[in-house]
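Colleague: In full-length UniProt numbering, the protein residues as written are 1 to 254.
It is possible that part of the hints are untrue.
Said to hold, decoys possible - Simulated crosslink set (BS3-like; lysine-lysine; CA at most 30 Å straight-line): (1) K112 to K136; (2) K42 to K55; (3) K167 to K200; (4) K112 to K167; (5) K200 to K136; (6) K243 to K42; (7) K204 to K136; (8) K42 to K12; (9) K204 to K112; (10) K243 to K200; (11) K167 to K204; (12) K204 to K243; (13) K243 to K54; (14) K200 to K112; (15) K12 to K55; (16) K12 to K54; (17) K42 to K54; (18) K243 to K12; (19) K136 to K167.
If you're looking for bench data, these hints aren't it; they were derived computationally from the structure.
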Amino acid sequence: MKKNLLAAERRKQLTEMVRSNGSVRIGEIAEFFGVSSETIRKDLIYLNNCGAVKKSFGGAVAVSEYRERPVSGRSMEHAEKKAAVAGRAMEFLSDGGVVFIDSGSTVLEAAKLLHAGMDIAVVTNSLAALNALTEKNLDIHFIGGVFSDVTMATSGFWAVGAVNTIKFDVALLGTSGFQSHSGPSVKTFPDAQMKQEVLKNSRKKIVLADSSKFITNAVVQYTEWGNIDALVTDADAPADAVKALRGTVDVITV
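Model the full assembly from the supplied sequences, consistent with the hints where possible.
Modeller: So, in structure tokens, the structure goes:
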């Protein structure tokens, strides 16, 4: 039995237990941590809302680290935090620059903030971002390739070939989670390959991630944090994790 843990530490351990065992029962976990069933129920609701676990009747089950969920659903989760992160990311853009907009749900919020009158060229492989950019009178370039109706984005040979003909001043990139990794990670290999090629051709690399990504994982790490210029996240990011990362990457909280 473990007692007197801070809520953040208990939830972190609870997430790891769900992933390790595949599922947990509320009663058993409450006894293990020495807290009430209602406390564990609240923890599971929080972790479910973060996308770390999937709450079930009487407990929780593990969320797949390799199966991506539709961007339409992900964009509605932690909407205020994602909007705040996206707003801070706007400060990296400058007149006359070329910006790459990635396919992540947080990066989609950044696309929504771009507006007519900005002196930038926008390149994206995200159909969701492209839709958000319509009628904004911007210089927009869409990258073709193999289309995924889950991520609403292109990847593959054509997409990679197109990326390698462009030099980006700023790349705004997403991540599906990185708790057990030494860099931002995603759930599919084509998405990871696309991001790697973008990084090779970008002057400034910015990762946008709401705080839930600190306690979730994805199967494919697409780069090390040392190759990223800044990680923009929200103020609910775990303090210990932020402190650890700051030795490698500039972490900006909003």
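Colleague: Taking the hints in turn, state whether each one holds.
Modeller: Structure-based check of each hint:
1. K112 to K136: 10 Å, holds
2. K42 to K55: It holds: about 10 Å lies between the C-alpha atoms, which stays within 30 Å.
3. K167 to K200: 9 Å, holds
4. K112 to K167: OK: K112 and K167 at ~23 Å, within 30 Å.
5. K200 to K136: Judged against 30 Å, a Cα distance of about 29 Å means the pair holds.
6. K243 to K42: 27 Å, holds
7. K204 to K136: 24 Å, holds
8. K42 to K12: OK: K42 and K12 at ~14 Å, within 30 Å.
9. K204 to K112: 20 Å, holds
10. K243 to K200: The given pair, whose Cα atoms are some 27 Å apart, holds under the 30 Å limit.
11. K167 to K204: 11 Å, holds
12. K204 to K243: 22 Å, holds
13. K243 to K54: 28 Å, holds
14. K200 to K112: Holds. K200 to K112 sits at ~25 Å (cutoff 30 Å).
15. K12 to K55: The given pair, whose Cα atoms are some 15 Å apart, holds under the 30 Å limit.
16. K12 to K54: At roughly 14 Å apart (the allowed maximum being 30 Å), K54 and K12 satisfy the hint.
17. K42 to K54: Distance of about 13 Å is within 30 Å: holds.
18. K243 to K12: 16 Å, holds
19. K136 to K167: 23 Å, holds
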